[in-house]
Amino acid sequence: MKSMLTALAVISVTAIPATAQDFGPPELIAAAKKEGRLVYYTANFAEVEQEVIKAFNKRFPEIKVEMVRAPGGQLITRVKTEAAAGKLAADVVDHSDRALMRDLVGLFQDYAPPNGKDYLPDSLISPKLWPRVTLVWSIAYNSALVKNPPKNWMDLTKPEYGNRQIGQVIAPSGGTTWTRVMFERQVLGEEYWKKQAVTNPVLYPSGAPMSDALVRGEIAIGPLLYNIVYPKKRDGAPLEIFFAPEGAPVNPYASGVPSTAKNPNAAKLFLNWCLSAEGQTFMIKELGNLTSLRQPPIYPEGFDPKVVKVWLPNFDQYVELHASWVEDWNKIYGYRQ
Amino acid sequence: MTADAAAFAAPAAKVERGARLGIVAGRLWSAALFALLGFLVLYPVAMLVLGALTNTNPVVDGFGVFDLSLANFVRVLGNPNVHLALANSLIACTGGTALAVLIGLTFSWIVVRTNTPWRGFVAAVSLIPLFVPPLVAGVAWSILGSPKSGLINTMLGWAGISWRIDLYSMAGLIVVFGMYYAPYVYMFTASALRNMDPSLEEAAEIAGVSPLRTLFTVTFPLIAPAIVSGMLLSFIVMLGIYGIPAVLGAPADIPVLTTYIFKLTNWSPPLYSTAAAVAIILMVVTGALVVLQQHVLAGRSFTTVSGKAFRPRVIELGSWRWLTFGLALVYLFTVVVLPTLALIVAAFRRFLFIPNAASLFDMRHYSLVHFDSIFDNPLTMRSIWNTMEVGLATAILGGIIAFAIGYTVHRSHAPARRAIDLVATLPVAIPGLVIGVAYLWAWVGLPGGLYGTIWILVLAFVARFMPDTMKSLSTSFLQIHRELEEAAWVCGKGRIATIRTIVLPLARPGTVAAMTLLFILAIRELGSSLFLYTSDTMVMAVLLLDYYEGGNTGKAAAFSLVQTVLLAAVIGIAGWLSRGRNAQASVGRAG
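Taken in sequence, the protein lines are chains A and B. Position 248 of the first sequence, counting from 1, maps to 248 under the working numbering, and the rest follow consecutively. Position 485 of the second sequence, counting from 1, maps to 485 under the working numbering, and the rest follow consecutively.
FYI, nobody ran anything at the bench for these hints, they're computed from the structure. Note that this is a predicted model, so its numbers are computed, not measured. Virtual Cβ for every residue (Gly too), placed ideally from N, Cα, C. It cannot be assumed that every hint is accurate.
[As the list claims (entries may be wrong)] Per label pair, the in silico range of CB-to-CB distance:
(1) B:Leu368 <-> A:Glu301: 25 to 31 Å
(2) A:Lys194 <-> B:Phe121: 57 to 63 Å
(3) B:Val49 <-> A:Glu240: 36 to 42 Å
(4) A:Lys58 <-> B:Thr334: 44 to 50 Å
(5) A:Gly236 <-> B:Ala568: 31 to 37 Å
(6) A:Ser324 <-> B:Phe34: 55 to 61 Å
(7) B:Leu102 <-> A:Glu240: 32 to 38 Å
(8) A:Asp235 <-> B:Ala569: 39 to 45 Å
[Claimed, not checked] Here are some of the chain A residues that sit facing chain B, going by a computed Cβ distance under 7 Å:
(9) Pro25
(10) Pro26
(11) Ala30
(12) Gly36
(13) Val39
(14) Ala46
(15) Thr81
(16) Asp212
(17) Val215
(18) Arg216
(19) Glu218
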C-alpha cells in the first residue's frame, strides 16, 4: 500500500506540472516579486544551496536570493548578535541544529507552507520552523581502493578496515553528526563506539573535507551524509554508496522567517517552493536529500524504503543527551576538546 | 630692562610660547591617536577580554548581566589539550621561523649584494609565496605531500624509489611554514641591505677580513633590526595561521592553537568564551615576544640611511654566481612551480584520485568543469570586486594611519608614544577568528549603518594588520638619520613641511611596501571576515573557504588560481606604477 502511495505521489509530481499558484496565493507571489530579493542565511554547503537557488530562480527568476553561508556555530552567533543589535539582515534562517534553533524561536514570525499538513509532525520543533531539507546518513567507500566493501554499520568495527582506512566526522561538529552519533549508541548498541574506535579512524571536523579525502584516497571508507557524496558519484568519482540495513539516521533542518525580515513575502515564497513537492523532489533527485513529507514524492538513488528504516531521533533526547554523550564520544575516540 | 634685554626677551618669549603650543599640540595629537586606537583596538579587545571572563555574548545578553569569573582561564590553563596545542604551536613556529630566516636572508643577500644573474627575477620569485593564502598553500602541499595520495609519492613510486615523503607531520608543518613565511624576512632584510652604507664593509675588506666573516660580523649585525623584525613578524604571523596546520596537521592529529580555537568556534554549540581565553594566552605569548624584541634592540643604533651618497656594494661571485642562481631556481621550483602544478592538476582534473603516474598524465581526466562551475556562481565575480575594493581601501587608510602612528612613535617626542606603540601592536597577538567575533560584538550596534558595508571589513583589517604595517614602516623610520630632519628644521621648515619634504619622500619606498603588504594581507584575510561579511560584501577568502569546506578541492584550487593570478596582476601593476617613484626616492636619498 505504502509503495503504491509513493508511486502515486511520484506520478502526481512528474505528471502534473506545478504552477506558480501551487507555491502560494497570487497576492503573496505578487508581493514577493515586488520585493525582488531576499537574504538567505544557511548552515548548509554553499555549492549545494547555489543549486537550490538556481532551481528556484527557474521558477521565479524575478527574485534574487542573496546567500550568507556559515558553519553552524558561527551562524548561530551571527544571528543572535545581529538580532540583539536590531540588525538581523536575514529574511530566511536555515539551520541544521534544531536544538540551537529552538532557543531562538522567539525571533521568528508565524509561517507555514501551503502543504504544511503533509509534513511529519515529528520533524517540526516549532510551528514556525520547517524542515526545508532533510539529510540522511549513508556509508560510502572508494571503489578503486576497497575490494571487500562493508555491508552495514557493524562492519565498520571490523579489524580489516583498521589502520586509518575509515574516516569519521567528530561528534561535536553539529546537529547532523549528533544525530548519527545518537543512532550509533541507541540502535547499534552501547559498545558500538568502543568497537569502532579500535579501528583508529581518521577524524574530520565536518563531512565535506572527509568526502574529498575519500575521493582522493586519503581514507577508503566512512559514514557520510548522502548529499555530500552523491553529487560526486553522479559526476563520476570512484565512489560507491549504500544505506545500511540497520537504519538511516536523518536530520531535518529548522528553517523560518524572522519577525524582522525586510522581504517577508519573498522569504515565504522561497520556503514555500523549497518545501513544495517540486522543491523536495528537486533536492532528493539532484542533491541526494531525503524529505520529511509524509509521502516522499521520490527516493534518492539506492534508497529502498522496504529495506532501509529511516531513523529520526527523539527530540527531547536530542537536546538532553547532547553534552554528556558528546563528552563520552570524545573520550572514546580520543578527540581533544 | 634695557633695550637690549627687551630685544632679547621678545624672541625668547615667542620661542617659549611656541614650545608651549608644541606641547599642547603634541598632547592633542596623542589624544587623537589614542581615541582612534581605542575605537579600532582597545574596544574590541575589551570585548574579547569580557568574553573570556564570562560565558555570555555581550551584545545579546547586555552589559548588565555579566557574571565575571576566571573560570574559563582556569579551565583552559589546566587543560592538557591546550598545553599540547601551545607546545605544538611554539615548536612549529620556531622551526618555521628558523627556516624562514635562513631562506629569506639568503635570498635578500643574493638579490641585493651579489652579481647573481637575473636578480630581478629572483627578487620577484622570492615574494611570490606572499600572494598565496595559507589555506591554498596547505591544500597544494597536501596534494603533493600526503603520505597516502601525494603526487610526490606517486612520482617516487613511478621512479622506483621506495622512500616516501610525509608532510602530515610536524616536520611538514615546519617546512611549509618556513617556505611560505620567508618573504617576510626577505622584505625587511632586502630593504635594509639595499639602504646600508657599505663603508663599514669596505673598512673590513681593507683590514683583510674575509667576505664570509664580514657578512656575519659586519653586514648581518648592522641589519639586525630588520632581521629581528622580519623574524618576529614571521613568527607571529605563523602563530596566527589556520589554513596550513588545519590541512597538514589535522590528519596527523597535531593540534596548534589556531586549529584548537577554530574548533572551539565551530563546535555546536560554539565555545567563544573558551576560545577568547585561549586567544588571550596567545596574546600573552606574542606580547612577551614583542617585549623581548624591544629589549634586544634597546639602546642600539641601527641608522644606515644618512645624508651621504652610496650604492649597495655588490660582491663578485665569479662562477659561484651560478650556484646562487641554482639555489634560486630550486626555491622557485619548490615554492612556486610544484604547488602551482598541484593546484593546476587539482583545478583541471575532474576528481583528484590519482592512483599512479599513468593516471596523472591521462588527459581524459582533465576538463574546465571547476572553472565553469565557479564562474557560474554569481558570488565569484561579486567577491572579486568586493575584495579589490576592500584591499585598496585598507591599504590606503591603513597606510595613512600606520604612517601617522609610526612617525609619532619613532620620530617625535609626543607624550604617551610608547603606550600608543603598545596599543597599536596589540592586535598582532589575537587570532583572526577570535578578533572577528570581537569586532562583531563591538561594532554591530554602532549607529550609522557601518555593519553590512565593506567599511566594517576595512576597519577590521586596518586594526588587525596595524602591527604588520607598523613593523614594515618602522624599519624605514629607524633607518632615516635625524640629521636630515634637523637640517630641515635649521632651514626653518616646520614639522609638517619637514614630514612632507624630507620624511615622506625618504620613507616612500617603505610606505609603498607597507601598503602593498597591507593590500595582500587584507585580500588573504579570512578569520576576521567570517563574521563581518554579509551577502553584499562577500570577499574571496570567505568564498574560498566555502569551496574548501564544501569538500571540493577542485573548485577550491580553481578559485585559488584565479585569486593568485589576480593578486599577481595587481601587485605587478602596483610595482610597475611605483617603480619610477621609487627610483626618484632612491636618487633623493642618494643625493
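So which of those numbered hints doesn't the model satisfy? 3, 6, 7, 8, 9, 10, 11, 12
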